[in-house]
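A.B. asks: Residue numbers (my numbering), protein chains in the order written: chain A, 151 to 407; chain B, 350 to 589.
Everything labelled a hint here was simulated from the structure, so no lab data went into it.
Among the hints, a few may not be true.
[Unchecked claim] Calculated Cβ distances over 12 Å to all of chain B for the following chain A residues:
1. Ser182
2. Val190
3. Ser193
4. Ala216
5. Ser271
6. Val297
7. Asn298
8. Val300
9. Ala310
10. Thr315
11. Val319
12. Ala323
[What the hints assert, rightly or not] A few chain B residues facing chain A, derived, Cβ under 10 Å:
13. Asp369
14. Asp426
15. Lys441
16. Ile450
17. Leu457
18. Ile526
19. Thr544
20. Arg545
21. Ala547
22. Ala564
[What the hints assert, rightly or not] Here are some chain A residues pointing at chain B (derived, C-beta under 7 Å):
23. Pro161
24. Val165
25. Leu169
26. Leu257
27. Ile341
28. Met348
29. Asp353
30. Val359
31. Ile378
Glycine residues also receive a C-beta, built at the ideal position from the N, C-alpha and C atoms.
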Amino acid sequence: MSERFSRFVLPFALVAAALAAWEAAARSGLWSKLLFPSLVNISREFVLFFSRPESLLEAWVSLTRALGGFALAAVVGVLIGMLMGRSKRVAEVLDPFFSGTYAVPKLALFPIFIFLFGIGSLSKVALVFLECLYPIVVMTYSGARNVNKVLLWSAQNMGASRAATLRRVVVPATAPFIFAGFRIAVPVAMIVVVITEMVSSADGLGYLVIYSLSSLRTDRMLAVVVVIAILGYLLDKAVVLARDRLIYWEKLDTYYV
Amino acid sequence: MGLAVLLVVLVVWQFAPLPDFILPPLQILKDFFQALGTAELYEHVWASLKRSLPGWVIGSALGATLGLAAGVARWFDRMFSPAVFLTYPVPKIVMLPIFMIWFGIGDLSKVLIIALACFYPVFINAYYGVRQTRTILVWSALNMGASRAEIFRRVVLPSAAPMILASLRVSLALSFIVMFAAEMINARSGLGHLTRMAENSLRFDLMYVALLAIAILGYAGDRLVRYANRRLLAWQEQPA
Numbered sequence: 151m152s153e154r155f156s157r158f159v160l161p162f163a164l165v166a167a168a169l170a171a172w173e174a175a176a177r178s179g180l181w182s183k184l185l186f187p188s189l190v191n192i193s194r195e196f197v198l199f200f201s202r203p204e205s206l207l208e209a210w211v212s213l214t215r216a217l218g219g220f221a222l223a224a225v226v227g228v229l230i231g232m233l234m235g236r237s238k239r240v241a242e243v244l245d246p247f248f249s250g251t252y253a254v255p256k257l258a259l260f261p262i263f264i265f266l267f268g269i270g271s272l273s274k275v276a277l278v279f280l281e282c283l284y285p286i287v288v289m290t291y292s293g294a295r296n297v298n299k300v301l302l303w304s305a306q307n308m309g310a311s312r313a314a315t316l317r318r319v320v321v322p323a324t325a326p327f328i329f330a331g332f333r334i335a336v337p338v339a340m341i342v343v344v345i346t347e348m349v350s351s352a353d354g355l356g357y358l359v360i361y362s363l364s365s366l367r368t369d370r371m372l373a374v375v376v377v378i379a380i381l382g383y384l385l386d387k388a389v390v391l392a393r394d395r396l397i398y399w400e401k402l403d404t405y406y407v
Numbered sequence: 350m351g352l353a354v355l356l357v358v359l360v361v362w363q364f365a366p367l368p369d370f371i372l373p374p375l376q377i378l379k380d381f382f383q384a385l386g387t388a389e390l391y392e393h394v395w396a397s398l399k400r401s402l403p404g405w406v407i408g409s410a411l412g413a414t415l416g417l418a419a420g421v422a423r424w425f426d427r428m429f430s431p432a433v434f435l436t437y438p439v440p441k442i443v444m445l446p447i448f449m450i451w452f453g454i455g456d457l458s459k460v461l462i463i464a465l466a467c468f469y470p471v472f473i474n475a476y477y478g479v480r481q482t483r484t485i486l487v488w489s490a491l492n493m494g495a496s497r498a499e500i501f502r503r504v505v506l507p508s509a510a511p512m513i514l515a516s517l518r519v520s521l522a523l524s525f526i527v528m529f530a531a532e533m534i535n536a537r538s539g540l541g542h543l544t545r546m547a548e549n550s551l552r553f554d555l556m557y558v559a560l561l562a563i564a565i566l567g568y569a570g571d572r573l574v575r576y577a578n579r580r581l582l583a584w585q586e587q588p589a
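Work the whole structure out from these sequences, hints included.
C.D. replies: If you want it as structure tokens, here you go:
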């Protein structure tokens with residue numbers, strides 16, 4: 151296998167094969183159009199999605215919920231994580247709580263949140279906040295706790311105040327961890343928004359998926375799925391971009407930036 | 350210290366004036382122990398586990414196998430990894446309706462969606478685990494005349510093992526979330542279904558019983574995986 155073939159052809163081979171198989175299944179007539187709508191129909195619905203103001207509005211609703219909950223979790227989570235990392239006493243109180251309930255699906259609280267915050271956006275944003283809080287707190291905590299001691303000693307030695315040490319040593323050292331937490335939390339935010347919208351079925355992209363399904367428009371449903379996928383992808387890209395801008399001294403050396 | 354704070358919170362919760370839908374902790378415990386005496390709770394727990402555990406096992410096994418393969422074989426990496434990393438930030442639960450059309454509304458579609466969700470973190474960790482293998486170890490093995498299979502088994506696999514095992518913890522938590530979501534969206538049994546049913550009929554006691562059950566399951570599962578981690582990685586230096 152030549153190097154050029156393996157570098158430029160293989161990455162697309164699987165995707166192309168999958169799409170071709172899909173289209174073949176759609177056209178073979180073996181299955182109902184409901185099971186495998188043709189790619190042509192899906193792309194048409196995809197284009198139609200962007201021409202309809204009401205579907206764009208649903209996308210906007212989902213996006214604001216995800217970002218709202220995430221932003222709240224980012225602020226509160228970084229604050230809590232920093233406090234835990236820099237103060238033994240705070241860590242002693244909060245660490246058992248966070249590590250004890252980490253693996254518990256917070257989604258189970260959704261019905262209670264509905265009674266607390268109503269059926270609208272607030273209950274969904276609250277759940278997004280809660281689910282995003284965990285990875286951000288845990289990552290920030292592990293970063294802030296393990297700041298290189300030598301750097302801290304040097305700063306103190308050079309007469310830096312506590313505030314200066316925090317701002318110029320602790321925060322930069324923790325920043326990569328904070329962004330690692332953000333990177334975990336952003337897809338979580340999307341997941342929670344879509345799930346809650348699928349469950350409560352009133353508005354948003356998750357509702358659109360369920361609605362298209364129950365009106366037996368699987369081509370439209372798949373177009374919405376593609377929209378959600380693209381949104382998830384773009385949000386992740388945005389986090390990576392912001393990370394590389396802010397943490398210019400440490401490149402993320404992963405495969406998929 | 351942490352215990353004292355928890356105690357204060359519980360006492361305040363118990364005696365504070367609260368709306369109907371927030372039950373005091375002692376009431377929740379009482380309801381829970383009452384439910385433990387009935388067959389219904391066990392049926393729902395069993396229905397849930399029957400979906401989440403096979404999904405977790407299938408997804409994690411596939412993720413570990415393909416992740417190791419992508420880490421070792423370059424052609425497979427180039428063919429398979431782009432698709433995985435591209436679809437990684439996509440919420441997998443949106444595939445549930447399609448899976449329901451393809452595989453029916455029974456357990457199969459739910460098991461498969463859980464497997465799909467569990468696949469990603471395990472694949473990615475296995476992949477990076479392999480790639481983080483220290484080249485000097487591989488060289489040493491080669492130098493000592495190890496075959497490719499031996500290098501894989503005795504060098505690559507042990508160095509990838511911690512990351513794979515760490516991802517099993519993530520995927521277990523994920524399997525419970527997706528299970529719960531799938532059951533809330535469409536199911537006739539399971540803890541997610543029980544929660545929804547309780548919500549619709551305003552049976553707050555049942556709601557908290559289901560909540561407590563899923564919390565205990567999640568916590569116990571996490572503990573088990575962490576225990577297995579420590580046992581399996583006993584040869585490794587433990588981080589504090």
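A.B. asks: Okay, which hints does this one fail, numbers in order?
C.D. replies: 1, 4, 17, 25, 29
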